[in-house]
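Please model the entire structure based on the sequences and the hints provided.
Residue numbers (the working numbering), protein chains in the order written: chain S, 311 to 750; chain Y, 311 to 750; chain C, 311 to 750.
Take every hint as true, because none was put in to throw you off.
Sample of chain C residues with no beta-carbon within 12 Å of chain Y, all distances over it, derived:
#1 E344
#2 D368
#3 Q585
Here are some, though not all, of the chain C residues that point toward chain Y, as calculated from beta-carbon distances under 7 Å:
#4 N664
#5 S666
#6 P667
#7 K668
#8 G669
#9 E670
#10 A671
#11 Q672
#12 G674
#13 L696
#14 W697
#15 N700
#16 D703
Derived from the structure by calculation, the hints contain no laboratory data.
A virtual CB, placed ideally from N, CA and C, is assigned to each residue, including glycine.
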Amino acid sequence: MTEVKISKVGEQMHELITILYPICRSITGNGVRETLDIIKKLIPLTIYEVPSGTKVLDWTVPKEWTVRDAYVKNARGEKIIDFKKSNLHVLQYSAPVHKKVQLAELREHLYTAPDHPDWIPYRTSYYMERWGFCMSHNQFISLNEDEYEVFIDSTLENGSLSYAECLIRGELTDEVLIFTHTCHPSLCNDNLSGISLCVYLARHLMQQKCRYSYRFVFAPTTIGSIVWLAKNESSLHKTKHGLVCTLVGDTSNFTYKRSRQQNTEIDQIVEYVLQSKPHKVIDFFPFGYDERQFCSPGFNLPVGCLTRATYGKYPEYHTSADDLKLVKASALQESLEVFQEVIRVLEANKKFINQSPKGEAQLGKRGLYTDVGANSQNVNSQLALLWILNASDGSQSLLNIARKANMKFDDIKNAADRLLGCGLLKENKDSYLQTTLSKI
Amino acid sequence: MTEVKISKVGEQMHELITILYPICRSITGNGVRETLDIIKKLIPLTIYEVPSGTKVLDWTVPKEWTVRDAYVKNARGEKIIDFKKSNLHVLQYSAPVHKKVQLAELREHLYTAPDHPDWIPYRTSYYMERWGFCMSHNQFISLNEDEYEVFIDSTLENGSLSYAECLIRGELTDEVLIFTHTCHPSLCNDNLSGISLCVYLARHLMQQKCRYSYRFVFAPTTIGSIVWLAKNESSLHKTKHGLVCTLVGDTSNFTYKRSRQQNTEIDQIVEYVLQSKPHKVIDFFPFGYDERQFCSPGFNLPVGCLTRATYGKYPEYHTSADDLKLVKASALQESLEVFQEVIRVLEANKKFINQSPKGEAQLGKRGLYTDVGANSQNVNSQLALLWILNASDGSQSLLNIARKANMKFDDIKNAADRLLGCGLLKENKDSYLQTTLSKI
Amino acid sequence: MTEVKISKVGEQMHELITILYPICRSITGNGVRETLDIIKKLIPLTIYEVPSGTKVLDWTVPKEWTVRDAYVKNARGEKIIDFKKSNLHVLQYSAPVHKKVQLAELREHLYTAPDHPDWIPYRTSYYMERWGFCMSHNQFISLNEDEYEVFIDSTLENGSLSYAECLIRGELTDEVLIFTHTCHPSLCNDNLSGISLCVYLARHLMQQKCRYSYRFVFAPTTIGSIVWLAKNESSLHKTKHGLVCTLVGDTSNFTYKRSRQQNTEIDQIVEYVLQSKPHKVIDFFPFGYDERQFCSPGFNLPVGCLTRATYGKYPEYHTSADDLKLVKASALQESLEVFQEVIRVLEANKKFINQSPKGEAQLGKRGLYTDVGANSQNVNSQLALLWILNASDGSQSLLNIARKANMKFDDIKNAADRLLGCGLLKENKDSYLQTTLSKI
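The following block contains the structure:
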């Protein structure tokens, strides 16, 4: 991680994670609702409830799962597993059970992480009905022959799936989608970190005048993005760029997973912004987080996934060790700053048309030409002017030009502002339209 | 050469070469007919005779050459060169001669291979009338001043050029062309090896139900492929893939020469199949074997050339050392297996359209989703499912997908079969049509 | 620099530079006229005068500057700076002045090159009115407190800008543009070398029958090329290739700066010709010499810039050290030979259509096929025949084919001539038209 001056916001982001940590979330149910209610105190949210049984694309919204209590007691009546101590102890979507079993039978319903024997794994069984407990491997191997009382007070009933949107309207109806998943119980990096970042990114954008509209979606993974896609299918043409936000609280270097289209504007911008930090970029693959839904061939949206740790590749992934200590205020804040920088570049990354494209425009008469005895900074800004004028045929974004000129985006951006100021540039507002038409 | 368990077929292939070895073949004449008659005992053949003088593209079918005997005797009446001992001794298409000559005159009609002084070179003079003998360089330099009797009992008369086809009909009228040349006399690698491989490959395919139709062509090089192209010009659109088969009996590593189009499906498949062996791939160049005719700009067919030794680059090339010892049963068999594997992949390399392309299809409800506690092999097969679904927009073949996913073709193929089984995929039978249309 | 046998022409080129060296040129005025009059004695020139105030694209033709005398005297009446000794001493386009000033004021009007303290820099102030002198930095720091008399006898008045063209008509109306700038005073490499090369290149072409028409333009930099573009806008479609010619007299390795389109025919040819010498190739950038005007997005002509030293990167650039000693007869001659070779390849770099594209043409019956016992040079020329026939579908130039075949251009060219001779090739005269149409 590169050094970050910790300001209040990193601490606030960590604080929000701390508040949300104990809640037992799942893909449906009151844990998610409680979470959304807390978020709603910080940013404007529209909350949607989609009834169990609703057909969404190839899927069906599942029944709502509620767990009130769960434990395993030994013959002496001691609780050796207690849901109240960690909500990871219960297999998610576990069926209810209350009976006495011998060790052999109990073992068939126990899940552990042998490679990390002190940690409780996080396991789910959304689409097959079974009951089960998760526990540390060390405790598992210490279990004696005994009669155990197993008790899970859960219900799986018709209800609804909850998700929420925060829409920040900009000058354009073109939208940027920021998706974060809300279905994990007491796991911090995956994904209270993503939730917290989205909340503070939304608050940041609300204080600004944006060109794009920004749509933050808080929803359970897989079924949540599928619900959202199904409900918004007719307006997906508005989604011009998107990012899935998760794993942003640990101290690893950044990872960017490209969209399926590989070289979209959001891909280019994230890769440009990350250039200043140690990071890695990986090509799209069809598993991971909800980018797999946005990038399914029927939608193929320009949505990448920007994380710190890499999906499935950090030791604490889906275990009790993904806790409040794993995520750091400084890391959260640096991640927020990266997302803010991506958006800053995206907002400014317009395409222009040189209004005096025949021969070089005379910069001198417009006060843009550096005089005899210029210093090197002036020379640099002048080269930026020349690069923009030469490249701006309406098809090249400022970032394209910066890369071709091997200059910083901001140097190109500032030069473009000066050229706009004297009428030598005009924004090509039809560039999306043209791109689309050229594909036909 | 990688290790191959020798079964009966390798021995059989070598045996066929042994039978065909003594026959004096040329681009026309009874040697070719005798050869085709032997092949016809092993596979169904349609034999064509094209009369001398027939105009074929830019060429004319030549007269038929017959040689009955030939020798050089010294003054003592000893045969120092005897056609009956090696049919390479006579310059192919040599004019008849019978006279006494001094050494100086004789020398002008002798051809040797100075770099390999023990070997008799193979030389031809198809299109210029002259007489000549080939001999070892060592014998050549030991010749004394003497009067020699030279005798070549040959005729060049109107007749016909013989070639044959073995067509194995598949489900489609789309064809795969396998071409092998039949015009060389006692040379084993070039090209009794190719003839033998084609015979046993045809026998292999006859035992199967194929998607494509396979057309094996046994014909003399250059004029033979030109005859075939001229006679089949109106149906060449059916030739979707092709390979020229020669130099497959020596123990060198494999060589693949790409088609002129460079990256056709057959090119991709041969390169994929050869990945598991030491080999080299070279770009198309307009000389070599009959691929130069198939890949002439007026036809530009997707035909590559798959060999072991590289054209013209092995020492025994076109000499008496290209004999029964140079070709090995094990090498022949391995070559056959490579051709069989190429065809196996080609047969299976379909393009599919995901029938549930919006969002990820729910694999769980179709029994395709691995449950909690899956082993790594299951995980791999599941990733294959996801890759196929994500990539199958009708334009990507299974091999394309395997390469993108960095997985084995068979893993992708098996996964595709499972998806087909539950209706999630449909073959894109119009993919050729679409490819053609997209070029217009 | 590779070794060059110096013939008369290198010496003549240097002699012309010596004659033109003392003249005080600027972007307008009698210095340019005097220069063009001398050139006109060597090649046919059409001289154009464009009045001050004429609107040209985004620019206006400036007033004409005349300087008759200029000096700085110290209090003892000694001329410490004297225009008559070097015309670089006066800031170009300097306003007139005649007054007495103290050292502090004088210093504000003095320009030096501190990195090269013995050299006088060349400075201009075309578009802002000021007066000034240039001098060596060593002299500058030795100036004492004193009262100085500054005198510049200059005028800036309505007049005209002078430029000239030498058109050598070829078989086609398609033109090759060779542009060289004429506005620099006593500087040899930049750009008396370019002027001299153009003169002797034009003389060379006048002795030949050319396919293309060649238009040499002698004009001041920036405003001169802008004037030319403005006046010739309606006929720019005829400019099929172009080069800016400057910095061709020093002994550095060659530098080629590609056109904005990056891979046009002229780019390919220059890069091919330079392969035999140490050189560097750089991508287009929108500053440098007049290629920036020709390659502005509204014109985007296929014009590169072929130099020895790299623009702005040699120490003597724009100083009094860019003198008669910096440019060498041998270097000038080698540069001329490179330009001649570029044009020789360009003239011959046609596209052909194989008239017998189906199968290989029978070379033997046309006497093009090498017989038994061929030497390796014959083999090479035969491969050239095969490459051309295989590649000539009308879209590939001979240079494209040479690069694909990894052969010399001349080997391919000679083979093409043989194929033309026997009717196997036909020139594709519509290739430009087709290229244009395929872009629509």
